[in-house]
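Here are the chains, one letter per residue:
Protein chains: 4
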Amino acid sequence: MKSGEKLDVGEIYGINVLGKATYDSPLRLSKKRGDDIFNFVKEDDKILQDISLREFKKCLADNKEPFAMERAGPREKIYFNVKKTKAAIVTCGGLCPGINNVIRSLVMGLTYFYGVKEILGVRYGFEGLNPAYGHGFVDLTPAFVKDIHQFGGTILGSSRGGQDVGVMVDTLYENGVDLLFTIGGDGTLKGADAIGEEIKKRGVDISVIGIPKTIDNDVNLIDKTFGFETAYHVANPIIRDAHNEATGAYNGIAIVKLMGRDSGFIAASAAISMSVVNFVLVPEMHFELEGENGFLEVLKKRLDTKHHAVIVVAEGAGQNLFKKDKKEQETDASGNIKHGDIGLLLKTEIAEYFKKNDRQVTIKYIDPSYIIRSAPANPGDSIFCNGLAYHAVHGAMTGRTRFVVGRVNNRYVYLPISAVTNKRKKINMEGGFWYTVLESTGQPFEMR
Amino acid sequence: MKSGEKLDVGEIYGINVLGKATYDSPLRLSKKRGDDIFNFVKEDDKILQDISLREFKKCLADNKEPFAMERAGPREKIYFNVKKTKAAIVTCGGLCPGINNVIRSLVMGLTYFYGVKEILGVRYGFEGLNPAYGHGFVDLTPAFVKDIHQFGGTILGSSRGGQDVGVMVDTLYENGVDLLFTIGGDGTLKGADAIGEEIKKRGVDISVIGIPKTIDNDVNLIDKTFGFETAYHVANPIIRDAHNEATGAYNGIAIVKLMGRDSGFIAASAAISMSVVNFVLVPEMHFELEGENGFLEVLKKRLDTKHHAVIVVAEGAGQNLFKKDKKEQETDASGNIKHGDIGLLLKTEIAEYFKKNDRQVTIKYIDPSYIIRSAPANPGDSIFCNGLAYHAVHGAMTGRTRFVVGRVNNRYVYLPISAVTNKRKKINMEGGFWYTVLESTGQPFEMR
Amino acid sequence: MKSGEKLDVGEIYGINVLGKATYDSPLRLSKKRGDDIFNFVKEDDKILQDISLREFKKCLADNKEPFAMERAGPREKIYFNVKKTKAAIVTCGGLCPGINNVIRSLVMGLTYFYGVKEILGVRYGFEGLNPAYGHGFVDLTPAFVKDIHQFGGTILGSSRGGQDVGVMVDTLYENGVDLLFTIGGDGTLKGADAIGEEIKKRGVDISVIGIPKTIDNDVNLIDKTFGFETAYHVANPIIRDAHNEATGAYNGIAIVKLMGRDSGFIAASAAISMSVVNFVLVPEMHFELEGENGFLEVLKKRLDTKHHAVIVVAEGAGQNLFKKDKKEQETDASGNIKHGDIGLLLKTEIAEYFKKNDRQVTIKYIDPSYIIRSAPANPGDSIFCNGLAYHAVHGAMTGRTRFVVGRVNNRYVYLPISAVTNKRKKINMEGGFWYTVLESTGQPFEMR
Amino acid sequence: MKSGEKLDVGEIYGINVLGKATYDSPLRLSKKRGDDIFNFVKEDDKILQDISLREFKKCLADNKEPFAMERAGPREKIYFNVKKTKAAIVTCGGLCPGINNVIRSLVMGLTYFYGVKEILGVRYGFEGLNPAYGHGFVDLTPAFVKDIHQFGGTILGSSRGGQDVGVMVDTLYENGVDLLFTIGGDGTLKGADAIGEEIKKRGVDISVIGIPKTIDNDVNLIDKTFGFETAYHVANPIIRDAHNEATGAYNGIAIVKLMGRDSGFIAASAAISMSVVNFVLVPEMHFELEGENGFLEVLKKRLDTKHHAVIVVAEGAGQNLFKKDKKEQETDASGNIKHGDIGLLLKTEIAEYFKKNDRQVTIKYIDPSYIIRSAPANPGDSIFCNGLAYHAVHGAMTGRTRFVVGRVNNRYVYLPISAVTNKRKKINMEGGFWYTVLESTGQPFEMR
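Note that the protein sequences, when read in sequence, are chains A, B, C and D. Residue 370 in this note's numbering sits at position 370 of the first sequence, with consecutive numbering throughout. Residue 55 in this note's numbering sits at position 55 of the second sequence, with consecutive numbering throughout. Residue 123 in this note's numbering sits at position 123 of the third sequence, with consecutive numbering throughout. Residue 146 in this note's numbering sits at position 146 of the fourth sequence, with consecutive numbering throughout.
Just so you know, these hints were derived from the structure itself, not from any lab. Some hints here could point you the wrong way.
Below, in silico cross-link-like pairs of lysine-lysine (DSS-like), each with a Cα-Cα straight-line distance of 27 Å or less [unchecked claim]:
hint: 1; chain 1: D; residue 1: Lys323; chain 2: D; residue 2: Lys306
hint: 2; chain 1: B; residue 1: Lys31; chain 2: C; residue 2: Lys58
hint: 3; chain 1: C; residue 1: Lys42; chain 2: B; residue 2: Lys64
hint: 4; chain 1: D; residue 1: Lys425; chain 2: C; residue 2: Lys306
hint: 5; chain 1: C; residue 1: Lys200; chain 2: B; residue 2: Lys57
hint: 6; chain 1: B; residue 1: Lys347; chain 2: B; residue 2: Lys300
hint: 7; chain 1: A; residue 1: Lys64; chain 2: D; residue 2: Lys64
hint: 8; chain 1: A; residue 1: Lys32; chain 2: D; residue 2: Lys64
hint: 9; chain 1: A; residue 1: Lys338; chain 2: A; residue 2: Lys190
hint: 10; chain 1: B; residue 1: Lys300; chain 2: A; residue 2: Lys306
hint: 11; chain 1: D; residue 1: Lys347; chain 2: A; residue 2: Lys57
hint: 12; chain 1: A; residue 1: Lys31; chain 2: D; residue 2: Lys77
hint: 13; chain 1: B; residue 1: Lys42; chain 2: C; residue 2: Lys64
hint: 14; chain 1: C; residue 1: Lys425; chain 2: B; residue 2: Lys77
hint: 15; chain 1: C; residue 1: Lys224; chain 2: B; residue 2: Lys224
hint: 16; chain 1: D; residue 1: Lys31; chain 2: A; residue 2: Lys58
hint: 17; chain 1: B; residue 1: Lys57; chain 2: A; residue 2: Lys338
hint: 18; chain 1: B; residue 1: Lys425; chain 2: C; residue 2: Lys64
hint: 19; chain 1: D; residue 1: Lys77; chain 2: A; residue 2: Lys64
hint: 20; chain 1: D; residue 1: Lys426; chain 2: A; residue 2: Lys31
hint: 21; chain 1: A; residue 1: Lys42; chain 2: D; residue 2: Lys323
hint: 22; chain 1: B; residue 1: Lys32; chain 2: C; residue 2: Lys32
hint: 23; chain 1: C; residue 1: Lys117; chain 2: B; residue 2: Lys301
hint: 24; chain 1: B; residue 1: Lys146; chain 2: D; residue 2: Lys338
hint: 25; chain 1: C; residue 1: Lys200; chain 2: C; residue 2: Lys117
hint: 26; chain 1: B; residue 1: Lys117; chain 2: C; residue 2: Lys301
hint: 27; chain 1: B; residue 1: Lys58; chain 2: C; residue 2: Lys64
hint: 28; chain 1: D; residue 1: Lys224; chain 2: D; residue 2: Lys31
hint: 29; chain 1: A; residue 1: Lys338; chain 2: A; residue 2: Lys42
hint: 30; chain 1: B; residue 1: Lys224; chain 2: C; residue 2: Lys426
hint: 31; chain 1: B; residue 1: Lys347; chain 2: A; residue 2: Lys347
hint: 32; chain 1: A; residue 1: Lys31; chain 2: A; residue 2: Lys224
hint: 33; chain 1: D; residue 1: Lys32; chain 2: A; residue 2: Lys42
hint: 34; chain 1: C; residue 1: Lys32; chain 2: B; residue 2: Lys42
hint: 35; chain 1: D; residue 1: Lys146; chain 2: A; residue 2: Lys57
hint: 36; chain 1: D; residue 1: Lys323; chain 2: A; residue 2: Lys58
hint: 37; chain 1: B; residue 1: Lys32; chain 2: C; residue 2: Lys425
hint: 38; chain 1: A; residue 1: Lys64; chain 2: D; residue 2: Lys86
hint: 39; chain 1: C; residue 1: Lys31; chain 2: C; residue 2: Lys83
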């Protein structure tokens, strides 16, 4: 590859900055190896996305630099004057394990790493940035957040949907906020990006940082989102006990519906974490109920041999089985399409089918969604939330804006918000993860 | 009190026996105090039911012997010849934590205490005693049941409803069963009593023992049923996290529906075990939704002050709020009346009410019933199941029949099946337990 | 029995009062049955201690009133003027699950039931009542204690040992304290009683209330102490996994040492809650290591048959195996005799014995004491702590002093401190509970 | 890079094979993309180890192919005739969560993926391959292993240390074993490699597969070993409650010793998963107790400000603090150097130091090692164990031998045993992970 040649990747993954970082970081880190002291991350420190030898050779052959992402971490120079920096934190959308951990670690990091003195807690999502709601702010201090990591939910409260971008930027500006940390899903991140865009237009110095929050783990490019691990950990004993329901009756069938609007990561992970599941149905797969190879026939064969079955279904699975016109218009306040209830549909269709086929079955339908999403973060997610928050703080102080912090190939990276919101991550039906699901459950590649 | 005077209690609580116990117990127990070896229980060892000083004085004044129940435990003389005794175990009705513990301890007790060599596991409830179903038996040995106490559900499977009593007795007789242990609820125990009646008619020597199983804890006279403690223990973190749902939104309301068809013990216990609950609604109370002192108005006041509320409702609560004619005919296979779904009704009515009253509320409805009933027994219930099973074994060997083992005033006792099935235990709305619920939640005595 | 005849029980269990209760209770309770509103408890409402029919008949024959205890609960008349009442709470001795629950419910009860405005949290046990330590007080409000029930430990801190009684009473008096709630074990309760005695001498109006705290569950007369249930619940999976250690090696032996200085309730309960234990050794039993029927020989037989063994030992067991002169003098700051470490002794002796007997064994020694005592209260104990605290509040307001609240025969009662501190509760080696332990483990009645 | 040029990596990571794989795989997988069916993994499918852009550029500049590892997964051609293949599984060394999960998934995979009919379970580690011990084999079938994933420990039993390689190969050969799966740590893997070497010498057709088991997570090159995640998850609440011990006394100090002989991954991960820890001491760091910047002085400053401290220490930390000559000779049966007990040393030194410095402190020392290693696998490890076992089965069938399956950069790979046993993985004291530990605890970079 010739030096100086233009690369694809730089443009795609280039992160916006408010301006040149000129202050010395207050962190007493090192700039050399071998002294047992962590080094400031250099600006050219990047992580490859595709890590196959094949891609390496392809780039070599094509004379193309591979896609790479900025490694997250503290920089030697920062943009904000720590003596005057003021931060705000907002949490939006549905609950997800770990939100309080992120809030706590943002507060601890801002306070103890950089000496930030004032951090506003925004109440009830973007509503809290609209004075019309009168929610007010909470003063977030280390003493206030000390124990919150042991609780699920969000101490700030949340809400769905957006607010007027101009109003929100007014609020930020009027309250002297320099850094806005937004913890939320796809819609929230798009909203944060819009706020960043408006800030840019106005030429003010406010950095907008996103910490992706989706229990479904469907954020493009990044390994996993916080809360996802806790989700399938909480689902694990529920599946174990659903198996008790299935075996507790002759031809017992337990259906467990788990979260997963567009992606089946929770359903699939929960199922392979508790090896009693016989069928996993996810949004990424196309299956039919009827027909010789359809799901109901496959289920019948299972029951005739084993006399019980456990089915784990993601909420967004099997949407082809609903009549289009019915669901078309409905969306929730976050703009998500409201799905037909696949759990209830399965329950009904299975009951009818076996009635028709003269087999007495006992069906138990279990929907633990609220139980899962409101749980406290498990130890793995607790570590992860700490890491996300600390890296978000470091990134924010450099003047980067409209970026998210995430984990790719096991490393923390910074990515532009737009890079992760342009499409959703899905299970690759031809990939190793899904194949493990099939190996574990024994279900066929296709049911249609 | 004059000696020889006829007492009320003897007749009510007299337990049927197959005949005189003539064999020496194989247990090497003691008959004297002070040797650090457990003594055989004597036939006149009885426990008072009402333990107030007031009742004592009343009996004294009335010259009446107080109600007392047979203390459970091994007797010096037994009825069955242990060399030839054969037992069977059947589990009926819905799942409940601890069934496998009871099965395991019955098997261990029969085998190791009395040397019983053969124990049949009846499959899928009373169906398994009807050869028409072709379910067959499982051979229950210590090796087979060794680890089952660590799992929820029932390894034998269960079913609802009865079978022809004559057919079942035929099956027992033809298979040489001497002892039938029935683990089940109200309907099952009545069925067991009917089997005992038929056995008596036929003059055969089969003892029928009941181990009351109802997660609702609504068995008359006895302190608690197995599985109940686990039930509210499993519900506890679910309520903790429901609180996260309630506080996570402005005017957030979380409704948790728990088991409790006729009695609210699970709902009330779960609520006072996790002090975040604001309202507990149980079948024993009469409440109205509408009106100045109705539930909706009380809830509104709560929201206007605190902006969130957690409601725990037993499934059988508020049945007065449903139109009578609708629910009248519906019963399940066990003969239980199908209740109107109070959880969904509350959700709907609350939503409508606040819409009418111009308050934006967010309602989360959580129904963890299957998650609770299929869980493994907790340590407390594990101890309890061991105790019930061991005492059932000892009672069975004496030739007692048509009796249950239970715990009254913290002691194990034997009671005739009929004594516990003639009515259901309910929370006393004027008692100390319910008052503790009110103290903990702060809800008013009356909402109507 | 002739009326007016002097009874034994009245003197033993009579509770001291500061004076006649003259204020109307602010609680809006009822005085009649049938209105679904809890009734004030009447002064003659008492609970029998011995509830056997045999005792009933014996009292009848002896013309003796049975032992009975005051039923706990709110009274119609109270002693303190709620507008001016000030309370203090102190926690002493070792940690125990549930302390924070008791603190929280005391604060909630005092505040919301009776409108008490000021509650002092005493820091670090009785040290906090000695100004020389300079610990100061914490202001206990509902907002401050709202979430503490979800944490183990004590938010007030604790310490062992007493302080000068005069100094402590001075502190109470100077700070205007009317009610002193002491949460602690045997030594603490005796200290509280001494404080009460000094208060009486001085003729001041301070009520001293004890809430017995001993994880060992060895308080005389009362069913159970708070924290005990949690203790064996936390020990349960530890024993389950100790079994994995035992079976994981050829002739594997796992020794789990649990709390129980003078009484083996935790060890015994934990063992029967997880049916994998082969030997339970408690302080109440006398066993020898050596000899034909000694423990080591019995253990050898077990290993030769099954090739693994799980032993649960209470810390106070087998003290006869230590040389007297060594342990005689040592006591801890609470005045408890320091025991020889039976766990380590067993480990050493077993190793030596099997070495001598040419058997290779693998011994794993597990001591989870701190893990257990610092855990948060489980749901059962949470309910119990609420109940204890609420009843303590009601009792305190009546002017009763130098009393404890406890549970006897499943009812909350008030007892004089002296009644529960004069001796310790122990497992009855001839009773049903210990027999269940033997039934569950299969260990012999005697090993000596 | 010129084609055909010799690469470093090929030799290092080349995996031994028994011979050319000639049988068609019985798996019905795909060879093309886009059909929603998993594709056989191709032999040139490899994963980069260093995934930084910098390394990419360096390889480019140096004309060097980067280090890459074989992607694990099913191949189109296999070496063994599935109709006659016989497998054996052996588990060695200390317990670790997940062993039973691996056993179960090996059995399921061999049976259901490839139709292997006979699988021998080797009892008690390598001892079981030495007939002199007389341990015999267990017949591993799907029915036998069905539920074992829910239990900790190893159903096969284990032992430490090796056996004569010739004898073990004799046993394998005489029993017709084709595939030997060894689950164990460093010593076990070296033993497995020696077995493989001996097999090669003899020219027999037995494949030896390693599944690295070390709870310490210190296997060279690979992301994580199974059981490690469970380890810090189980440690998490223990640390939470150790904090209760620390705050429960004035100047309370809780010391929690966790596993980590040469690497501090468990201690560090547990500490950042529960943000109450003030000091983490690991083997990779050099710290001193004495001196102005020594640990004791730093601890004193902490206590003087906050009056409590939580210390998490890995068992192998601070070995410089022990006198060399004492520990030199001692090793355990696995050949591991026996460490001085740093936990007890800290306890003693801290006590002495504060006594000298006139501060009353209360020290609680907690060692939960056996509780952690014998726990059942958590959901994350359960998934991981499934993945490892399935990929081990696929690799084994291809005739690869003397290899391990592991996870590198989030992908399953195959590596020669020798590649992972030549050195141990340690925490990089200058890396991001350790920096997060410092950020979370606030402890200084250096304490010496």
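**Message:** Would the hint linking lysine 425 (chain B) and lysine 64 (chain C) be met if the CA-CA limit is 27 Å?
**Reply:** Violated. Lysine 425 (chain B) to lysine 64 (chain C) sits at ~34 Å, over the 27 Å cutoff.
**Message:** Tell me if the straight-line CA distance from lysine 64 (chain A) to lysine 64 (chain D) falls inside 27 Å.
**Reply:** Roughly 17 Å separates the two Cα atoms, so the pair holds.
**Request:** Would you check the hint for lysine 425 (chain D) and lysine 306 (chain C), treating anything up to 27 Å between C-alpha atoms as holding?
**Result:** Between lysine 425 (chain D) and lysine 306 (chain C) the Cα gap is close to 39 Å, so the pair fails against 27 Å, i.e. violated.
**27 Å Cα cutoff - pair lysine 117 (chain B), lysine 301 (chain C)** = 23 Å, holds
**Asked** If you draw a straight line from the CA of lysine 338 (chain A) to the CA of lysine 190 (chain A), is it 27 Å or shorter?
**Response** Within the cut-off at roughly 19 Å; holds.
**Request:** Decide if the proposed pair is consistent with the structure: lysine 31 (chain C) and lysine 83 (chain C), CA atoms, cutoff 27 Å inclusive.
**Result:** Holds. Lysine 31 (chain C) to lysine 83 (chain C) sits at ~24 Å (cutoff 27 Å).
**Message:** Given the hinted pair lysine 224 (chain B) and lysine 426 (chain C), is their Cα-Cα distance within 27 Å?
**Reply:** Roughly 25 Å between the alpha carbons, so the hint for lysine 224 (chain B) and lysine 426 (chain C) holds.
**Asked** Is lysine 425 (chain C) close enough to lysine 77 (chain B), meaning Cα to Cα at most 27 Å?
**Response** 32 Å, violated
**Asked** Taking 27 Å as the top limit, are the C-alpha atoms of lysine 323 (chain D) and lysine 306 (chain D) close enough?
**Response** 33 Å, violated
**Message:** Check whether the Cα positions of lysine 146 (chain B) and lysine 338 (chain D) lie no farther apart than 27 Å.
**Reply:** 37 Å, violated
**Asked** Is the straight-line distance between the alpha-carbon of lysine 347 (chain B) and that of lysine 300 (chain B) 27 Å or less?
**Response** Since the Cα atoms of lysine 347 (chain B) and lysine 300 (chain B) sit roughly 14 Å apart, the hinted pair holds (cutoff 27 Å).
**Asked** Regarding the pair lysine 338 (chain A) and lysine 42 (chain A), is the alpha-carbon distance no greater than 27 Å?
**Response** Violated, at roughly 44 Å.
Violation of the numbered hints given earlier is confined to hints 1, 4, 5, 10, 11, 12, 14, 17, 18, 19, 21, 22, 24, 28, 29, 32, 33, 34, 35, 36, 38; the remaining hints are satisfied by the structure.
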